[in-house]
Every structure is written in structure tokens, then in C-alpha cells.
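**Student:** The primary structure of each chain is shown beneath.
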Amino acid sequence: MLIRCLLVEKEGQGSGDHQVTAVIQTQNLSKWYGNVLGLNDVTLEIEAGITGILGPNGAGKSTFLKLITGQIKSNIGSVTIDGQRVWNNFSLFSKIGFCPEQDSFFEEMTGWQFLTSLLRLYHFSTAEIEEKADKALEIVELTEDKHRAVRSYSRGMRQRLKVAQSIAHDPAIIILDEPLNGLDPLGRRKIIRLIKEYKGEGRTIVVSSHVLPEIEAMTNQIILIHQGKIFAQGDIHYIRDLIETHPHIISIKCSDPRQLAQKFIQHDFVLKVNFDQKKGSLLVETNNRDKFFGLLPVLFVENRIEVEEITSPDDNLQAVFDYLIGK
Amino acid sequence: MTIKERGYTHWDGELRDGRFPWWPITRMGIKLTFKRRFFKLFFGLTLMPALVWLVGIYISERLEDFKFMMEGETDFLNVNPLYFKTYFTNEFLLFMVVMIMVFSGAGLISDDLRHNALQLYFARPLKKRDYLTGKAAVIFFFLLILTLVPGVVFILFKMIFAGNFQFFVSYPWLILSVVAYSLLLTTFFAFYTLLMSSVGKNRRYVSILIFGVYFFSDIFSAIFREIFRSQYFFLLSIKTNLQQIGAVLFRQRTPFNIPWFYSLLVIVAICLFAAYLLKRKVRGVEIIK
Amino acid sequence: MNPTDTGKFAFFIKSTKDVFSFFFTLTKKSRRTKIFFILSFLPVFMAFVVKFSQIFQLSRDIEGIYIFNNMVIAFYLQFLILILALFYGSSVTSEELEGKTLTYLTTRPVSKSSIIVGKYLAYSVIIVFMVTLGVLFSFLILNLSELRDLSLYRALFRDVAVLALGLMCYTAFFMFIGTILKKSIMFGLIFSFGWENVIQYFPGSTQKFTIVHYLKSLLPSVSRGRFSFLLFRLEPSSTATSIFMLFLIAAVFVVLACVLFTHKEYILKD
Amino acid sequence: MSVEIKDIHFSYGKIKALNGIDIRLPQGAIGLLGPNGAGKSTLLRILLGFLVPDSGEGSVLGYDIRNQQSVIRRYVGYMPEDDCFIPGMDAVSFTSYMGELSGMPRQEAMKRAHEVLFYVGLEESRYRFLEEYSAGMRQRLKLAQSIVHDPKLIFLDEPTSGLDPQGRKEILELIMDISSKKDIQVLISSHILPDIEQTCSYVVILNKGELAAEGRISELKQVQYSLYELKIKGEEQAFMDRLKSIDSQLEQTEDKIWKVYLPPGTDPQELFKIAVEEKVQVRHFVKSQTSLEDLFAKVVGVD
Numbered sequence: 001m002l003i004r005c006l007l008v009e010k011e012g013q014g015s016g017d018h019q020v021t022a023v024i025q026t027q028n029l030s031k032w033y034g035n036v037l038g039l040n041d042v043t044l045e046i047e048a049g050i051t052g053i054l055g056p057n058g059a060g061k062s063t064f065l066k067l068i069t070g071q072i073k074s075n076i077g078s079v080t081i082d083g084q085r086v087w088n089n090f091s092l093f094s095k096i097g098f099c100p101e102q103d104s105f106f107e108e109m110t111g112w113q114f115l116t117s118l119l120r121l122y123h124f125s126t127a128e129i130e131e132k133a134d135k136a137l138e139i140v141e142l143t144e145d146k147h148r149a150v151r152s153y154s155r156g157m158r159q160r161l162k163v164a165q166s167i168a169h170d171p172a173i174i175i176l177d178e179p180l181n182g183l184d185p186l187g188r189r190k191i192i193r194l195i196k197e198y199k200g201e202g203r204t205i206v207v208s209s210h211v212l213p214e215i216e217a218m219t220n221q222i223i224l225i226h227q228g229k230i231f232a233q234g235d236i237h238y239i240r241d242l243i244e245t246h247p248h249i250i251s252i253k254c255s256d257p258r259q260l261a262q263k264f265i266q267h268d269f270v271l272k273v274n275f276d277q278k279k280g281s282l283l284v285e286t287n288n289r290d291k292f293f294g295l296l297p298v299l300f301v302e303n304r305i306e307v308e309e310i311t312s313p314d315d316n317l318q319a320v321f322d323y324l325i326g327k
Numbered sequence: 001m002t003i004k005e006r007g008y009t010h011w012d013g014e015l016r017d018g019r020f021p022w023w024p025i026t027r028m029g030i031k032l033t034f035k036r037r038f039f040k041l042f043f044g045l046t047l048m049p050a051l052v053w054l055v056g057i058y059i060s061e062r063l064e065d066f067k068f069m070m071e072g073e074t075d076f077l078n079v080n081p082l083y084f085k086t087y088f089t090n091e092f093l094l095f096m097v098v099m100i101m102v103f104s105g106a107g108l109i110s111d112d113l114r115h116n117a118l119q120l121y122f123a124r125p126l127k128k129r130d131y132l133t134g135k136a137a138v139i140f141f142f143l144l145i146l147t148l149v150p151g152v153v154f155i156l157f158k159m160i161f162a163g164n165f166q167f168f169v170s171y172p173w174l175i176l177s178v179v180a181y182s183l184l185l186t187t188f189f190a191f192y193t194l195l196m197s198s199v200g201k202n203r204r205y206v207s208i209l210i211f212g213v214y215f216f217s218d219i220f221s222a223i224f225r226e227i228f229r230s231q232y233f234f235l236l237s238i239k240t241n242l243q244q245i246g247a248v249l250f251r252q253r254t255p256f257n258i259p260w261f262y263s264l265l266v267i268v269a270i271c272l273f274a275a276y277l278l279k280r281k282v283r284g285v286e287i288i289k
Numbered sequence: 001m002n003p004t005d006t007g008k009f010a011f012f013i014k015s016t017k018d019v020f021s022f023f024f025t026l027t028k029k030s031r032r033t034k035i036f037f038i039l040s041f042l043p044v045f046m047a048f049v050v051k052f053s054q055i056f057q058l059s060r061d062i063e064g065i066y067i068f069n070n071m072v073i074a075f076y077l078q079f080l081i082l083i084l085a086l087f088y089g090s091s092v093t094s095e096e097l098e099g100k101t102l103t104y105l106t107t108r109p110v111s112k113s114s115i116i117v118g119k120y121l122a123y124s125v126i127i128v129f130m131v132t133l134g135v136l137f138s139f140l141i142l143n144l145s146e147l148r149d150l151s152l153y154r155a156l157f158r159d160v161a162v163l164a165l166g167l168m169c170y171t172a173f174f175m176f177i178g179t180i181l182k183k184s185i186m187f188g189l190i191f192s193f194g195w196e197n198v199i200q201y202f203p204g205s206t207q208k209f210t211i212v213h214y215l216k217s218l219l220p221s222v223s224r225g226r227f228s229f230l231l232f233r234l235e236p237s238s239t240a241t242s243i244f245m246l247f248l249i250a251a252v253f254v255v256l257a258c259v260l261f262t263h264k265e266y267i268l269k270d
Numbered sequence: 001m002s003v004e005i006k007d008i009h010f011s012y013g014k015i016k017a018l019n020g021i022d023i024r025l026p027q028g029a030i031g032l033l034g035p036n037g038a039g040k041s042t043l044l045r046i047l048l049g050f051l052v053p054d055s056g057e058g059s060v061l062g063y064d065i066r067n068q069q070s071v072i073r074r075y076v077g078y079m080p081e082d083d084c085f086i087p088g089m090d091a092v093s094f095t096s097y098m099g100e101l102s103g104m105p106r107q108e109a110m111k112r113a114h115e116v117l118f119y120v121g122l123e124e125s126r127y128r129f130l131e132e133y134s135a136g137m138r139q140r141l142k143l144a145q146s147i148v149h150d151p152k153l154i155f156l157d158e159p160t161s162g163l164d165p166q167g168r169k170e171i172l173e174l175i176m177d178i179s180s181k182k183d184i185q186v187l188i189s190s191h192i193l194p195d196i197e198q199t200c201s202y203v204v205i206l207n208k209g210e211l212a213a214e215g216r217i218s219e220l221k222q223v224q225y226s227l228y229e230l231k232i233k234g235e236e237q238a239f240m241d242r243l244k245s246i247d248s249q250l251e252q253t254e255d256k257i258w259k260v261y262l263p264p265g266t267d268p269q270e271l272f273k274i275a276v277e278e279k280v281q282v283r284h285f286v287k288s289q290t291s292l293e294d295l296f297a298k299v300v301g302v303d
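Residue numbers (this note's numbering), protein chains in the order written: chain B, 1 to 327; chain U, 1 to 289; chain P, 1 to 270; chain C, 1 to 303.
Chain B with its partners taken away, still in its complex shape:
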């Protein structure tokens, strides 16, 4: 199967430089809720740097993150962080920061109280707590609103506060569950920038999202998860490259689609040509995108075709999954 190949190849590649020790390791991790499948047989290693966990809603991302932060017990398999088991191993959490998905707080607190109270649980001195809380608030740009009740915060502020509580104690491992959910473009950009900057000094950051560009904006290392299974792990370009050879539809809007279509038909890497009457565009299916896109500009220039648009309608996450599942 294709997926297996992908993983095997990846291992083959990685075996050369195996001195990089994994921070988070899971072995045959499986989880059910009653009879509903949460996660199915996940064995993987996460190394330092930013790793993106990508998958549609309900794919098992949250379950995975909850398992590696010891909030729930696995039915089968084990999780270790730095070689130590996670479930009920609280001392591990001094170096872990977690940003939960749910939008819940101790609503009666102010942002400042929220951070300082949680920092207290790390056994810092009061001076340290205040310094760290101030720093975290500054990073997420909430300093001005720190004395307002969390209840009155907007969605973006709440999201940023959640991120703040996960980084306030300066952890080596940061795990963020859907930190970009419900944010406007400005707020999203702020958090992406924050996460990227925070990577520094060999921190391990795990971020989950259901939006491919969001993850791409942060990291190249991704884990694709779907229906409770890991479909692929590795460099995002590697996965993209793999998709290259897969039949793929490209939509072109231009001045003379029929002439262009004629030209395409002569090439064997073009499998199908279609016209979308409604949108007035040309749909071309190819199994070799490199060749196709190499040819395209040449055709445009040679035939003086005015191009309005080139898009790939199925160049999204779902297409990746559909392909990996083998649809």
C-alpha cells in the first residue's frame, strides 16, 4: 500500500542520522471512547522543532494530543516523553506546556490572575511568577488588558491567553491544540509569528490544525492523521512531491481555452481535458505535474494566450487524504 511505502521510505531515509533523539515517542497507541474509535495503532517519534499535526475535524488530533499529555489513558500502547511514561507522571509537566482546544477558563479571574495562579503550581517564588506572567502577557500582546476579567475577553484574546498559559513557565515542550481556531487574519498571523519565534533554543512544539496553509506557515514537519490513523509523517514537501505523480486536476481560465486544449491533447501526461461551461474554464487532468507546469508557460507565450487564472481545485488537505486513502 502506498501509505506503508511512504513510511518505510521515510524510515530508510532517517536511519542515517539517528543520533537526533526523539522527544516524544508513542508505541502502538490506541484509544476508544466506549465503542467509538479515537486513535488506532499509532507508533511514532516526534523530534525537537515544530511539528504540525494535520487532519480534518474528528480525525483524532485531539485524542492524540490528550494522550501525549496524559489527560486520558490509552487502551493499548504507551507514550513516553524524554523516555518517561506520561500517565500520572506529574513531575514531567514542569517542562511541558499545553494549550487545550476547548474555550474554557476560570471565568471569574482576570487574565493576570489566571496566569499567576497557574504559575503558582510550578512552585516559583512570587517575584518569579510575576516576572514570567508579565513576560508571557507581553509576548501574546495582552499586557493592556491583563486586569480585565477573562469573561469579557474577545475570542482572539481568549485564544492568546490560552497560548500564554502554555508558554509562561518557559517549557521545553509546547503542545498546542488548534491554537488558530476562530481567529481573524490579524490574530492568526500574530500567533503564527509567536510560535515560529518561540521555536528557538531547541524547543519541541507540537501544533494541531485542520488547515494545511496554517501548518505550512509554521513548519515543514507534519504528521497527517485521519480516521484515527497516522497516514504520513515527515517533510511536507516530501508529501507534496509524492502527490506530484498522482493524477491531478488543474483549472485554467484563459482567453482561448479550446486552442489551449488542442495543444494539451498531444501530450501523454495529459489524461483528460474538460470544459467547465459555467465558469468558462478549462479543466486538465495530468499525472505529471512537473512536466505539465513546465510546458504551460511555454504554451501561453507561444500562442499569446491571455491567462486569467491557474488554480488547483483539489490542492487541499482533503485531496491529500483522498489520495492517501486511495480513493
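Possibly wrong hints are sitting among the right ones.
What the hints assert, rightly or not - Distance condition first, Cα-Cα at most 27 Å in a straight line; then the derived DSS-like pairs of lysine-lysine: (1) U:Lys31 to P:Lys183; (2) C:Lys244 to C:Lys273; (3) C:Lys111 to U:Lys31; (4) B:Lys190 to C:Lys16; (5) B:Lys272 to C:Lys231.
Unchecked claim - Which residues of chain C face chain B? A few of them, derived with a C-beta cut under 7 Å, are: (6) Pro35; (7) Ser134; (8) Arg138; (9) Asp164; (10) Pro165; (11) His191; (12) Lys273; (13) Val276; (14) Arg283; (15) His284; (16) Phe285.
As the list claims (entries may be wrong) - Here chain C is said to cover these stretches of chain B; the calculated rule only asks that three of the stretch's residues, wherever they fall, bring their Cβ under 8 Å from a Cβ of chain C: (17) 176–185; (18) 202–214; (19) 296–304.
In case anyone wonders, no lab produced these hints; they're calculated from the structure.
Heads up, the beta-carbon is just placed ideally off N, CA and C, and yes, glycines get one too.
Chain B is fixed; fit chains U, P and C onto it per the hints.
**Tutor:** Relative to the frame of chain B, chains U, P and C by itself:
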């Protein structure tokens, strides 16, 4: 050949002003309450007194057969208005009424507050009044089963067991008493429970309040009464106020030596206060300052 | 890093202290606490009314300490501490699940036991403080004219101690219930006002299965007079046994709650 | 004229949420755009009568927003922003319940509930309890309940929040399908530009409680300078250097799309010529008609 249109289809019906726009809320409220675990069992338990009283009515018609068990004490088996009054004001029944309120009433508004569901209701052509009526009717349903229904059943069965209308002729007003008292008790608890339920988003907290405030008033009144030796402190207790009015409605001597309309005044005042607060608390959006 | 047992213990104490201060500061100012504070202060208000009317000769003259012992304590013992313990005890775990804030606690370097113990202590202290303050004020107001009689203070001390013990016990018990049951309130109400109320009057050893039995054993027996509706048919255990049993009950349930909370998995639904 | 409001002011205590809004909305799908906290939700709530404006007046579907709220609500569907549901119910009961509350007969409501659940794609899970629904399913359910009574006007508050791209695409397609019906109008509030751009013909931009811009999207998107969005494969640097040499401005977004501002008068064919010469592949090419985003950024002040 007609081909079904793809995509969004219209609904070719007429939206209308129902005469009871609150009725769906009530039906759903009752359905959801019965779905709660142990509720059926518990509700069955609260019907126990009614069953016992019913058996009493049967025995009252067969006194001869049961004489050997009674050892001459048959007064309490005399089915008369006092018999009814005892049922309607007995402590166990009132305790169970409060427990039923905790079970079925606590979540009526607080759950909607918790899950932001009020805006779903108020985005529809519902008035505040309809919403509250719908929720209150859930309480009416359960409490009338505990009060009105047994009352009517007692009267009917008394006549059936006796085989004549003697009982009805002797106390033609009794049915009115039953209706009046049932409605009063139910109305009061509806207001009381809805008020408590709108106080918080947390069902546990609301449950404690429903239970706590009721019993608190009782204990408080008992303490004051002892100190001041004044019957007027019975007015502090929700329970004794209800018992007081109950006695009057069944044309019995009031258990406490204070004018009954004071009690009525207290009960009405609580209801009005609750209505006022509910009107302010229940709205489509929560306003956070 | 291989902490010794004493090190572990010291760490546990430290974590518990931190959790304690977390919830102490959070809860002492919350709206619910304010409402319960008002509730527990109503006897003070009552004491005011009584004292006022005595001064102006509006009611019979009853000794302050008499009212205090019989009414105030009865109110606190049979009603208020149950309500408080039930709400705060079951809140220890339930509110974290309902509010989905459990995550913030379990992803910190504090053990689950210390979360339970710390929160238990924080809530206990708050409600003990609430009750003590109410009792103290009622006492002072009711005994305004006899404040020089030192023997009264012994009674006050004893009553406060009994109420505090009761709160500790009940809170521990309801906390344990809260960790296993979702519908802890229903159970709690039936336990408090059903079981505790009825079983305590059963003869022989039966009544020893209630917590209130040991609490009442610590209070002086009340003459079967006008107040018999509040306390009767008690066959008291000895003071030492009672105190021992109360501590034992509290400790057992706290430990059980810790064990359960540590090993049970809580899934937060969204 | 579906929605018409004049000089609406509203404040939550001291915080001013709306500060003198004047809008007259034409037929068609309308987007209400603005960053988080711009007053979009407040405006919708005023239109529905949840909130009474401090001053100003308005009408929805010709009914006055102050006096005829219940008529308005009969013909309007509302999909709220927050997560909201009633626990203990399955989707069919919930949706038909909502239909009944709008005044549909019970049997009809049940029939229609099945229909709309099919329509929004929840047919397989319509008997499941709402507590078990995922965020995406809840979103669909909220849409279903907003159209169950076949309203004339639908208010959608952040319809795509919390959805994955597939789910988002599907919801947007549903919205477009609904608004393609002549006799049903849609008002979508969102902070996500592409959503509005894709679904609406008319847009109202709010910022800090004030009207920042308003108009047909096609008019607002006038070509001021030629902006193209490109995705490139190959020697990016060399390609970009060449582009710079012909005086175009470049900018890369967070999701690795290049924004190329060509100087006025330049033929976009140039781009492909350079691409051919530099042997790079153009994987994605969209003429961005100084898109809404720029307008948005300009009026809202996103950096």
C-alpha cells in the same frame, strides 16, 4: 415527467401563529425529563402516598372486613375533606414535590443558559412570556399529576366504591377545592423553581438553591417561633404557608392561629417577585459588561 | 533525580499548598461564595432581631446562651453545614469537569492527589471560616450582657469545633461522591436529608452509621423540652470515639477520593 | 429593501459597540465583514430584536425592528456564532423542535427536519445525540435549524468558524446554493475574507462600531494596480529577482503565496515569459483584483 429540483427546496406550508406557541417547549421539557436516569423510578416513588390514600378509600368502604385490623380506630379512615387535606398537606408529599423540582425543574432554564440556547428560542417568534409559560407548564405537568390527578381520582373512586353519589352530594365543593389547591401549589412552585433555575448556569448550584431556600425558610421560621412564641412567624416558612392555605381551601381549621390570607399574601408576593426577576433575567443574549 | 520518600512528601506538601492557595484565592471572592456567605449570616441577622426585641421588651426573656445552643447550632448542624459541604464538596471535581478546566490542573507538575487535597482544604477552610464567623457573631450578639462569663466561651469553642469537624467530614464524603457520580447532588440531598435525618434516630448501633451521630455525641444532651423536635433519641458515643471516628471518616474519604481521581480517566466532552 | 437601518447607536455599558450605522441593503447575498469585535454580532442581534438600540431606527423585510420583532423573527433564520444546542436531544428532534417553535405544524416540522438535515449533509448522524456531535457537525446543525422554517432572510454569524477546509467548502457551497434562490436572502457575518468574497455580491465592512466601507464587491474590487497571486515551483529567487528588475513589488504571505504587484501597463504575459526563461513552474496564478483584502486591510488597518 417532473424532475425534483436539486439543492435547496422551499417548504410550501404556511407558518402560523399557533394558539399555544409554548406547547412544543413543554412537550420537549417533559420528554427530556423522562429521559433522565432514575427519574421514572423516583417519580413512581412520589406517587406512593396517592396509592396509600387510594387503598384507604377502598378500605373505608369495606370497613367491616378490615375491622379486625383496626382495633376500633377508624376515624382516620373517614373519607371526608379532612382526609383530602391530610393528603395534600402531608410532609412527605411536600418533600417529594421539592425533590421533583430539583430533578425536573433545576435544569429548565439553567441548562439553556449554560448551552447558549436562549438565543435559539428567541430567534423564533416566541415572546418571553411564551418561553416562560412553556417551561412553567413542564412543572405544572409533574405537579398536577401529584396533586390534581390523585384528588380527582380519590373522589371518583370513592363514588365508584360506594356505588352512589352520596359523597358528591355531601361535599359538592370538594372538587373545586382540589382544583384550587392544586393550581395554587403548582403555580407557586413553578415560579419558585423557574426563578432559582434562572439564577445560575450550573445545575448543581441551582439544585442546592431550590432545596436549600425551601428548607431554610422552614427552619428559620421554627427558630423564630420558639423565641418569640408568636404564630406569626409561621409566615416565614413556605411550607406552613402552603399548609395554611390548604386547610382553608378544604374548609378545615387552619393548623396555626393566624389569618390565612396573610399566607396567601406571602405566596403571591413571592410569585410576583419571581415574575419580575425572570422577566429581567431571561433574554436572547447575555450582556457582558 | 531520585527523590527520597521524605523528599516526595515535602514535594507533595508544597504542591498541596500551591493548589490550596490557587483555589483559596479563586473561590473566596466568587459570586457563589458570596451568596452562601449571606445564607450563613442569616442567623446573625436573626440574633440581631432577637436581641433588639429583648431590649425593647417585645418578646420573652430567654437566656442568650440557651437560644444559641439550641437554635443556632441546630440550624448550622442540621442544615447549613450539609448544604455547604454538599455544594463545595461535590464542586471539587464536578466543577472542573463541567467547566472543562480540569486540563489546566492536570497538565501541571502537581500530583492529582495534591490537587484533591489542596482543593479540599481550600474549600474546607472557606466554609469553616464562613460558619465560624456566623456562629461567632451570633454568639456575641445573643450573649451581649453576659460576655464576662468565661464558661460561655467553652461552649462556643466546643460548638465551633463540632461544626468544623462536621464540615470536614461531610465535605470529604461529598467530594468522594463527586468523583464517582455525575449526579452527586441528587444523591447528596437524599443522603443528607433522608439517610442522616432518619437513621440517626434508629436504636442501637444503627445510628452509628451516620455522621451526624458522632457530631451530636459531642454536644451536650438537650433536655427533652420544647426543642425536642431538633434533637432526640440519641444514644451518644463517647467523646473520644466520636472525635476519632470523625477524623477517620474524613481521612478515609479524602484518601478514597485521591485514589479514585488519580486512576480514573475523565473525558471532557465538548 | 430587505434591511434598512438609520443611525443606529448601541453600547454595552461604557463600551460603544455601534456608533451610528446607516445601511440600506439591496437584494442578494450580503457579507458583513470586520475583525473580531467590530460590532457585527451586535448588529445582527439588533436586527433580530435581542438588543434594543440606544437610538436610531430600522426595518427588516419591511417590519420595524422596535415594534414588529416577532413578525421579523418568523421570517428570518438565525445561525448564531456561539456553540449552542440543547443537550439530551438528537438532531431530528432538535431541528423539528426549532421548526415547531417557528410556527410549523408538528408533522410538517418533522418532515422538513429530515429534509434539511439531508440537505446540510447530516443524514447519517441525524439520530445521534447532540452532545456527541463534533464542531463541524454542530455547525451544520446550526445551519439546518436556521433554514428549517424556510425563512425569507437568513442571518449567518461566522458560519465557517472551527471548520476544516473541506467542511468550510461544503458549508459555503450550501450557502451559495441557498442564496442562489431568488426569493431567499442571506446576510453573512464573517471575519474571513475569502468566505465573503466567494459567497456574496455585496459587502458591508464594519470596524470599531462604524461603517468602514460598503458596496458591490465587483465595484469595490476595481483594478487599481495589477496584483497577482502566484505559487512557484523551482528557482524562486532567480525568478523573483527578475521580477524585481522590471519594477514590480513582491510580498510573500504566511501560506507561501507570492503577491506580485506589476507596474501599471505591464502585460501579465511578461510573467510567463520570465517563467519560461527561468524555467520555473507557475503552479497557481490568480489575478487578484486589488482584492477585498487590500480594501479590508486599508479600512481596518491590518498591517
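**Student:** Looking at the structure, which of the earlier hints fail to hold?
**Tutor:** 8
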